[in-house]
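**Student:** One letter stands for each residue in the lines below.
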Amino acid sequence: GEDVEQSLFLSVREGDSSVINCTYTDSSSTYLYWYKQEPGAGLQLLTYIFSNMDMKQDQRLTVLLNKKDKHLSLRIADTQTGDSAIYFCAEKDAGNQFYFGTGTSLTVIP
Amino acid sequence: GAVVSQHPSWVICKSGTSVKIECRSLDFQATTMFWYRQFPKQSLMLMATSNEGSKATYEQGVEKDKFLINHASLTLSTLTVTSAHPEDSSFYICSAGWADTQYFGPGTRLTVL
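Top to bottom, those sequences are chains A and B. With the numbering used here applied, the first sequence covers 12 to 121. With the numbering used here applied, the second sequence covers 1169 to 1281.
The shape of chain B in the complex, shown without the other chains (with noise of 0.2 Å):
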């Protein structure tokens, strides 16, 4: 139980273009997902909370007009990067609130060309 799918798992695109990393937790509702960004060899950096029904709130340093966030479902949450460019590559992990935990989808390898 508690799983979390992503997709893509990884995107190549071009400067400029805008890209969509689809969240869904496929045997249970969440309310709250979670985004994440990880460089390499580092930890996690939260980028932002998502619920369900309401706007996302952004953490510190994090553009919400450059990454828009959609939580339209109890089992589906939306990452769009904007006119992507080559900076914005990186490893974007989602995660799911419940039961007490986040579970955590695979991960989705973004680099932009």
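Chain A on its own, in the form it takes in the complex (with noise of 0.2 Å):
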């Protein structure tokens, strides 16, 4: 299967942006997603890309794609002690098989 990887562990305090970068090996990517997991929960969609696209802004989440470098980032402005989770992204390719990164903790501290 294809490779998803994101760091483990992220702090930032509470106010600060926060930047969550995920890195894929599939070349025909359509859509890319990132995901938030709180404690004892599913996964929650939060926004996702077309893989024609180089950015998407959604209130206080922009997403950057790098389709040449496969680098895909999520930036949370105005970081809050409750955007503290785990969060996914995952990449669907040609075939419609989503692959899933190993999740980035995100610690805000207050």
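These are calculated hints, taken from the structure and not from any lab test. Check the hints yourself; a few may be wrong.
[What the hints assert, rightly or not] Keeping only pairs whose Cα atoms sit at most 30 Å apart, straight-line, the calculated DSS-like set for lysine-lysine is:
| # | chain 1 | residue 1 | chain 2 | residue 2 |
| --- | --- | --- | --- | --- |
| 1 | B | 1209 | B | 1232 |
| 2 | B | 1188 | A | 47 |
| 3 | A | 81 | B | 1209 |
| 4 | B | 1182 | B | 1232 |
| 5 | A | 47 | B | 1209 |
| 6 | B | 1209 | A | 78 |
| 7 | A | 67 | B | 1209 |
[What the hints assert, rightly or not] Going by beta-carbon spacing under 7 Å, a handful of chain B positions derived as facing chain A:
| # | residue |
| --- | --- |
| 8 | 1268 |
| 9 | 1273 |
| 10 | 1274 |
Backbone N, C-alpha and C fix where the C-beta goes; we use that ideal spot for every residue, glycine too.
Please dock the two separately framed chains into a single complex, following the hints provided.
**Tutor:** In structure tokens form, the structure reads like this:
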């Protein structure tokens, strides 16, 4: 299967911006996704981007895609304590198969 | 929109018993549903892909006789863990495919004593 990699941990201070990074290997990705998982809960879809887009903004969330480098990032502006969670990136290939990253645990320090 | 429910949210059972978990798409029809298993502090492990009206496709290493999947309608898929043992204790999450993405249920925590 394809590899989707994320750093495991990120800590930021409340009010700062968070940037969570993801790299992938599949050159035939069609869509790329960011999900949020709070403790004991399922995954909540935050946002997704079509592979021919460079950027997508949705309120405090900004997704940047560098298709050449196969690099995806999620920026959370004005990070709040409620943003503390695990964030998964995922990509869908041309065969509609999903591949999930290892997850990044975001801790927001008050 | 695109809400997926799971039932039960948690279950405790004795070793050797079978447990059924339901996954429902509440406001859309899902021809494809997915079943994942998640170990503590780890990513999702895809167990099987369930297509309405046909047999599920299991990932390598997943015993299809142990984890029975039925996708009888466009809004319901079930996962039955047969003859459960303590090593089957885990967090099971389903998702439903719709509009180029997957929408996840809240998960079911299974504990086998």
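**Student:** Could you work out which of the previously given hints the structure breaks and list their numbers from low to high?
**Tutor:** none
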